[in-house]
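Starting from the known structure of chain F, arrange chain L on it as the hints suggest.
One line per chain: the protein sequences are F and L, in this order.
For the first sequence, the numbering used here gives the first residue as 1, with consecutive numbering after it.
For the second sequence, the numbering used here gives the first residue as 1, with consecutive numbering after it.
Be aware that a few hints might be false.
To be verified - Partial list, computed: chain F residues near chain L (C-beta under 8 angstroms):
hint, residue
1, P108
2, V200
3, L205
4, M208
5, T231
6, Q357
7, T374
8, C378
9, A380
Just so you know, the hints here were simulated from the structure itself, not pulled from any lab data.
Backbone N, C-alpha and C fix where the C-beta goes; we use that ideal spot for every residue, glycine too.
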Amino acid sequence: MTIDHSTEATNLTVRRTGRMVHDVPETGEFMVHRSAFTDGAVLERERRNILSRCWVYVGHASEIPNVGDYRTRSVVGRQVIFCRDRNDEVRVLLNTCRHRGALVCREPQGNDTTFTCFYHKWQYRNSGELIGVPGKISFPESFTLADNGLASASQVETYRDFVFASFDSSAPPLVEYLAGAADFIDRIADQGFRDGMEIVDGAHLYSMRCNWKLVVENSIDGYHGFPVHSTYFQYIGSRGVDLSVGLDGVPRDLGNGHACLDYLAPFARTVARTTAPMSDRAKQLITDIRAEADAALGEERAALVADRSKNIFVYPNLLIIDAASLQIRVLDPVATDYTNISAWLLAPRGEDRELRQIRSDSYQEFLGPGGFATPDDCEALETCQIGYQNIAEVEWNLVNKGYGVDAPEAVDNETQIRAFWRQWDSDMAGGPDGGTR
Amino acid sequence: MTSTVTDALLLRLRIEDFLFTEAELLDAWKLDEWLALFEPDGRYFVPPTDRPDARDTIATAFIIADDHERLTGRVRRLATDAAWVERPRSRTHRVVGNVRVESGTDSVGDDVVARSSFIVHRVRRGVTDCFTGRYEHRLRVVGDSFRIRERWAVLTAEALQPTGKIGFIL
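In isolation and in its complexed conformation, chain L is listed as follows:
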């Protein structure tokens, strides 16, 4: 019993460490390092605000439903001088909390599912925008760390108003 509790606690702490590191990389715009946290077929999703619970990316028009190739394209684009919406870059600051961990189902290939809450502030050209929502990270355990199979960012907002656009990585 004691060891089960300890194991669960340690797993959560390791996951929290992983999520906090991820947040730090994104806020620092170290996007190549961030991309390296993904499995080679890892994906990134932002459902539309009127369908936060949507999972089927064909039946519903997602705001973002990146396969790994498009995600790589997104990172490469943001590294250029011509991703105008992020030149100059936004300052972002994110707080990740309320972390919950559950074991994944082997059938879809994830070892661990981490659910958390985020608050992301984006500051740019005199405007501060706030994005809140929940993350769902579907992770594979790789040695001492984790690799992202799927990363879901589900917004609380009913509309991207007044935030307008998601030009950075949410």
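Here chain F stands alone, though its shape is the one from the complex:
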């Protein structure tokens, strides 16, 4: 074992540099210090250097299709109103009255042109302007409606119906920030080549008693699939799904901390892959859709969009799991050892009901808090978090699979996870102005 030796060496490194990621390409060493998952000061710094500076995912445009539609939610610890104002502009407003702070919108969703704080009846347009203050005459002249609209995210941009916000006015344009992830979001959005994509009604709101970065790692990790999810694969095999395909593909570094796993898998894909248990009608529909995709997108592109599974991480809070089914998974770090997760099923708009049923079945069988797989991931991650109580004796995690190894890239390597950690480390190492990007 060389671990003891390298741990000793890197402890010196971390003491010298304060860095929590130890990365030595020459020797293929890549380690993450476990305090990254346990230290409250780290989470505070993440809030400052990452969550308050990056573009973060807020929601999908299909969740607020009509003028006046709104949803309230927590986005990386901020309470926001995600809405479509009267000019059809998507807004991300901070849900707090400028007067004393109460939530101005207390419903999870609805449609309205204004939001009125019930505490003192201050009224705001759904574009944020303050338009009504009872007893205004007795406020001093220095107080103006114009200065006291609802605060908003510094920037809001939509890419292929994925709505992002940044709470930093100096964040680069979204498409520049997304870097290589933009093309992978295209490969999701293009599955709606007929009529766009839509979030399916019904959110899966759950949590894990672990650090948010454990969920990031796990969601794009091809190495754990068979050991953790053997019961899932046995189950779909028992229903007649051909498992001989296996998982075949590569991890990818998409730049700026974004990463993905890009692979072929045995899962049913209602845009491309039929499986034995499907009805003849469903198989025919899928075959037709797949042929149509060739015509609409070109054969090469259609193969990337339709045939390949993709677990995509858009740094820092969005995961798009295009595997057993198509899931939007959003992370909201609450504490070092506790993360809220919101997840939705994404589907082509107007999908045939039988195909939607297949998509939904595949989702439930693998994904979500009642599935045959996600709960086992939860067990893995929560026990990692508990294992970190031994940090005094075991300080470092290893993330070195496939690093500097003279062999072809493989789906169960950890290249993509290293890409995430490098960006994280760079952001965390930055001063008040953040890291390099």
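Okay, now just chain L, sitting in the frame of chain F:
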């Protein structure tokens, strides 16, 4: 009149017995015996917490909408050593009450609909989680007992936070 009241009361007592037996089997992890309480096409549903009243499993993404085959798969999975989330198994304890019984409609094939409230505590690795909600059992009368056509577990919670996951049978 007297006999009608007595019949209704007896039916409710028989249903309560059935529900209490079901709760006991689940808490004891006797899942094969529990599965045998279902009709061959019996189903099990948990709607998403933001849509507790949803009934259409295609229009809404359910947390669980098991047909009998998937329900059987769920039970088989939990019997293996590799359903990690329940190895070691949670201790669960459930209280079922507020039982109300109404006759079903023949058109959908149930004889009796039983509505009840549940409180389920899950204890595992130092953490106690509490699930509350209502059950709806759509039952067929079979001899002296009942068989489950549909079993709905509708959570009170607005989110599975902090309960996280439903790795056991709710």
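Hinted contact M208 of chain F with chain L - closest CB pair below 8 angstroms: OK, holds: M208 of chain F within 8 angstroms of chain L, min 6 angstroms.
Per-residue hint verdict: Q357 of chain F, partner chain L, C-beta under 8 angstroms: Since the shortest Cβ distance to chain L is 5 angstroms, the answer is holds.
Hint check: 8 angstroms Cβ-Cβ cutoff, T231 of chain F to chain L: holds (4 angstroms)
Hint status (Cβ of L205 of chain F to nearest Cβ of chain L, threshold 8 angstroms): holds (4 angstroms)
Interface restraint verdict for C378 of chain F against chain L (beta-carbon cut-off 8 angstroms): holds (5 angstroms)
Given hint A380 of chain F near chain L, where the shortest CB pair must fall under 8 angstroms: holds (7 angstroms)
Interface hint for V200 of chain F, Cβ within 8 angstroms of any Cβ on chain L: At about 5 angstroms, which falls below the 8 angstroms cut-off, the nearest Cβ of chain L leaves the hint on V200 of chain F intact, so it holds.
Given hint P108 of chain F near chain L, where the shortest CB pair must fall under 8 angstroms: holds (7 angstroms)
Restraint outcome when T374 of chain F is required to lie within 8 angstroms of chain L by C-beta distance: OK, holds: T374 of chain F within 8 angstroms of chain L, min 7 angstroms.
Violation of the numbered hints given earlier is absent; every hint is satisfied by the structure.
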